[in-house]
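Peer 1: Sequence:
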Amino acid sequence: MTKPPPHPEPDENETADERQFFAQQKTRKLDKVPTLGGTGEAHYHGHRDRLRARYREQGDAALADYEILELILFRLIPRRDTKPIAKELLARFGTLAGVFGAPQHLLQEVKGVGESVALDLKLIATAAQRMLKSELRNKQVLSSWSAVIDYCHAAMAHETKEQFRILFLDKRNALIADEVQQQGTIDHTPVYPREVVKRALELSATALILAHNHPSGDPTPSRADIEMTKLIAEAAKPLGITVHDHVIIGKDGHVSMKGLRLF
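Be aware that the sequence shown starts at 1, since it is given in the UniProt record's numbering, and climbs by one per residue.
Derived from the structure by calculation, the hints contain no laboratory data. One or more of the hints may lead you astray.
Here are the computed lysine to aspartate or glutamate pairs in the EDC-like style, where the Cα-Cα straight-line distance is at most 16 angstroms [what the hints assert, rightly or not]: (1) Lys133 - Asp178; (2) Lys87 - Asp65; (3) Lys87 - Glu109; (4) Lys230 - Asp245; (5) Lys83 - Asp65; (6) Lys122 - Glu109; (7) Lys111 - Asp81; (8) Lys251 - Glu159; (9) Lys171 - Glu202; (10) Lys83 - Glu67; (11) Lys133 - Asp150; (12) Lys139 - Asp170; (13) Lys161 - Asp218; (14) Lys198 - Glu179; (15) Lys83 - Asp49; (16) Lys111 - Glu88.
The task is simple: from the sequences and hints, build the whole structure.
Peer 2: Written out as structure tokens, the structure reads:
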């Protein structure tokens, strides 16, 4: 009796194609979900395509804030209707800036936002802050004051605790470093003038811009804010270090203590 010829080994390319084929079939099955119309296609697929097309053809001005947030969430949550999540985020945090400035643990309290999505939203916020900060590099900061305010607002306005930040400048008033010196409670940050001056000397800074946030949202300086600023300015002056300003950041605005002639 003649034995049948051995079954040939599968070609490597054929195996790869086969794997790709089954992977595509699996993806298609996952993308099909029950709908009221009975078509099997998720109802939000067409919506996503239309929203992308509108953004591509007309730009961001054609989109509401929740739609911009939807476009971002499309990538982070690929198989879910993200419109309700985008609207809930805005309802909870008020604005796009509020969403991206919110702490990660609070973002995760919104239904549909898990740890990875919250982390990605914070990553986008960090990228935006770095972009604003890059506008200050190699420029005379005092002549780019609006960029300073925009950066400080993005970095601090939505923090839930007080944060004391210092911009260290060289003799040309160009940015050397930007550091968070202290973090405190919801209404107080301990600041030590000696440590501020010491750090300025370490960086060879000749000028400073001080900034801190008021989590309450009201940027009105307190008596403690005024006294602390005077102490820093007095400690820095004999060493040839100038305090240009102390800016207080609130959610909806800011106050320049130099502009108010408070020190």
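Peer 1: The structure should be examined with respect to each hint, and the outcome stated for every one.
Peer 2: Hint check results:
{"no.": "1", "hint": "Lys133 - Asp178", "verdict": "holds (9 angstroms)"}
{"no.": "2", "hint": "Lys87 - Asp65", "verdict": "holds (9 angstroms)"}
{"no.": "3", "hint": "Lys87 - Glu109", "verdict": "holds (14 angstroms)"}
{"no.": "4", "hint": "Lys230 - Asp245", "verdict": "holds (11 angstroms)"}
{"no.": "5", "hint": "Lys83 - Asp65", "verdict": "holds (11 angstroms)"}
{"no.": "6", "hint": "Lys122 - Glu109", "verdict": "holds (15 angstroms)"}
{"no.": "7", "hint": "Lys111 - Asp81", "verdict": "holds (12 angstroms)"}
{"no.": "8", "hint": "Lys251 - Glu159", "verdict": "holds (9 angstroms)"}
{"no.": "9", "hint": "Lys171 - Glu202", "verdict": "holds (15 angstroms)"}
{"no.": "10", "hint": "Lys83 - Glu67", "verdict": "holds (7 angstroms)"}
{"no.": "11", "hint": "Lys133 - Asp150", "verdict": "holds (9 angstroms)"}
{"no.": "12", "hint": "Lys139 - Asp170", "verdict": "holds (11 angstroms)"}
{"no.": "13", "hint": "Lys161 - Asp218", "verdict": "holds (14 angstroms)"}
{"no.": "14", "hint": "Lys198 - Glu179", "verdict": "holds (13 angstroms)"}
{"no.": "15", "hint": "Lys83 - Asp49", "verdict": "holds (14 angstroms)"}
{"no.": "16", "hint": "Lys111 - Glu88", "verdict": "holds (8 angstroms)"}
When each numbered hint is compared with the structure, no violation occurs for any of them.
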